[in-house]
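Residue numbers (our numbering), protein chains in the order written: chain Z, 37 to 223; chain P, 108 to 265.
In short, the hints are calculated from the structure, not lab data.
Among the hints, a few may not be true.
Unchecked claim - Quick partial rundown of chain Z residues pointing at chain P, CB under 8 Å, derived from the structure:
{"id": "1", "residue": "Pro63"}
{"id": "2", "residue": "Val70"}
{"id": "3", "residue": "Leu73"}
{"id": "4", "residue": "Cys74"}
{"id": "5", "residue": "Leu75"}
{"id": "6", "residue": "Val81"}
{"id": "7", "residue": "Leu92"}
{"id": "8", "residue": "Arg103"}
{"id": "9", "residue": "Tyr197"}
As the list claims (entries may be wrong) - The following residues of chain Z were derived to be distant from chain P, with all beta-carbon distances above 10 Å:
{"id": "10", "residue": "Ala47"}
{"id": "11", "residue": "Lys50"}
{"id": "12", "residue": "Tyr51"}
{"id": "13", "residue": "Glu57"}
{"id": "14", "residue": "Ile120"}
{"id": "15", "residue": "Phe136"}
{"id": "16", "residue": "Leu143"}
{"id": "17", "residue": "Val155"}
{"id": "18", "residue": "Gln163"}
{"id": "19", "residue": "Pro172"}
{"id": "20", "residue": "Arg173"}
{"id": "21", "residue": "Gly207"}
{"id": "22", "residue": "Val209"}
{"id": "23", "residue": "Gly215"}
Since this is a predicted model, take the numbers as computed values, not measurements.
Beta carbons are placed, not taken as given, at the ideal position from N, Cα and C, and that holds for glycine.
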Amino acid sequence: MSLLPFCEWLASTKYSVALHESLYMYPVVESVHVLTLCLFVGMSVMLDLRLLGITLRRVSVQEVTDRLLPWMVAGFIVMFVTGILLFYAIPVRSYQNVFFRLKLIALVLAGLNAWIFHVGIHQNVHQWGADVRTPPRARFAGAASLFLWALVIVCGRMIAYNWFDCDMHPGPVMQVLTGCPGKDLPK
Amino acid sequence: MVSDFFLWVDATRAHQVISSSTWMFAVIESIHLLALSVIGGAVLMLDLRFLGVGLRRQSIPDVARDAQPWLVSSWVVMIVTGIALFVSEPTKLYYSAPFWWKMTFLLLATLFAFTVRRKVAQADEAHVRPLTYKLVALVSLALWFCVGASGRWIGFSG
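Isolated chain P, as found in the complex (with noise of 0.2 Å):
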């Protein structure tokens, strides 16, 4: 049962440190918002330059191979630090309904980002359709967004 994983996780050791710690569940916040200005940035170059109103004399590949290496280390970054807080307060999560939200973004997002973003961002741009940039862009963007934005809403709800 997914209830029984988040009693376990209530019940470790890493739980107690931190959910006790005056400062800890802070710092980890923190740095979970520097990677998100991060990711924000490399996520919004590609997708930009996918909508021609980025960095427009560089090529579409170019642009990618640039931005991937931040994508993917803030990307890691978040999922630490991430981790981190949930293992702090799981079983208020348990019953949070933007987790839930948040989550089922995130696992979208990242596979989006990682498989057909990745895909038509490595393709021969004479192959792609000019549309094809646009949509990929904006999924990726809305996708992006509601994880932030539920994100965000954790801590307003409960």
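So here's chain Z without its partners, still in its complex pose (with noise of 0.2 Å):
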């Protein structure tokens, strides 16, 4: 089952086209979606440091996660509510690039990393939460979320250039990666 139905009647929204349209409101929306990164994907880096022993090592991991975890969520929110704009605001085109596609799993992996860390060796951090060198998941846990959200910051920054776009007329596998039309398919 394909999803471009779906992405082409909400194209055709009238508030999707109008945010397309829009001079300055796109615009906007991208800017604060782009540096809403420094609050949340900063302090997460911040935290995933702390988690590897490079940074803030007389902090405890428990501290950090109190005083900074709000901070994470409240950008976070905002990532996922500007991030949901600028995909109703172009939503075939996101749908159909590569790069959109490989943000979105590496957004569920990185999701799923700090879910497996909360619910899992997180739950005791009073135990390990001031060593400096902590329990190998939970450091597993700050390398892959390091790693995820920078696939996630490449992958989102490159969903602005065109060069698997489908009237680009990409290869077969790109063909198949971003479920574009072949060219010789009817239509």
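The task is to assemble the complex, starting from two chains supplied on their own in separate frames and drawing on the hints.
If you want it as structure tokens, here you go:
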């Protein structure tokens, strides 16, 4: 089942067209999306680096999560809402963009990693939170988080490039990955 | 003349290499964005602490000491990748108002971060008034926000 018809319907709605064609609204939403990186990913990076024992070594992990998590959550909500709006403005092209698809996969993995950390090893943070060298599972969570959010950012930036857009007629592999209709297939 | 410098950059081999490549600008920009996250984290960690809403149980000089290497290193990455982005399109940037705003705010934010803010962060907390911390944090956040916002706007204009 393809989500293409849904995206096409979304693109035809009044507010999607309005946002897409707006002179200032779209750039403003996009700027908010990008600048909130500083809050959301910035704070996450500091937590991840603490889990790896690279910074804030004298601060317990528990304090870092207690004090910085609310900021991360606030940042994530802004990222999520503006992200949905950006997709809503350009649904079909985003859906068929290989970087957008990769970004969503990385996003799900990053979310999964954060969830496993919080319901897992973080549950008894009071036992190990003060250690500079945290348990392997916590260090893995920190490293995975750094890698996955970096991937999300790079893929997100690349969505802007049309290298593999359907109208560029990408090769057979990309055609599968982007879900573009083939050149000689009836539309 | 300033415009002569921009024209000279436009004639360099580096300009040719970056601007004629399909992917180079995109890759440099991605690194610029990755460093943005880190510099954002380093700036916010200390400014939130100044405002009393961050790592409250740590002393301000302690938080500043932990944040400083990340601020400096991400600043260097931002500048290096920023120069590469500049080299790729100097003649466009010469006529871009957001570019000149960004450079102005960048100069102010950098000067502020490495002089006033640094001094205040390292000072004995007993000798600094709470209002001073809050003012420094607000000026810092406002300046860096303007750098980021005008930087993003370069891409939307022209």
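Inset, instruction - Determine which of the earlier numbered hints do not hold for this structure and return their numbers in increasing order. - result: No hint contradicted; all consistent.
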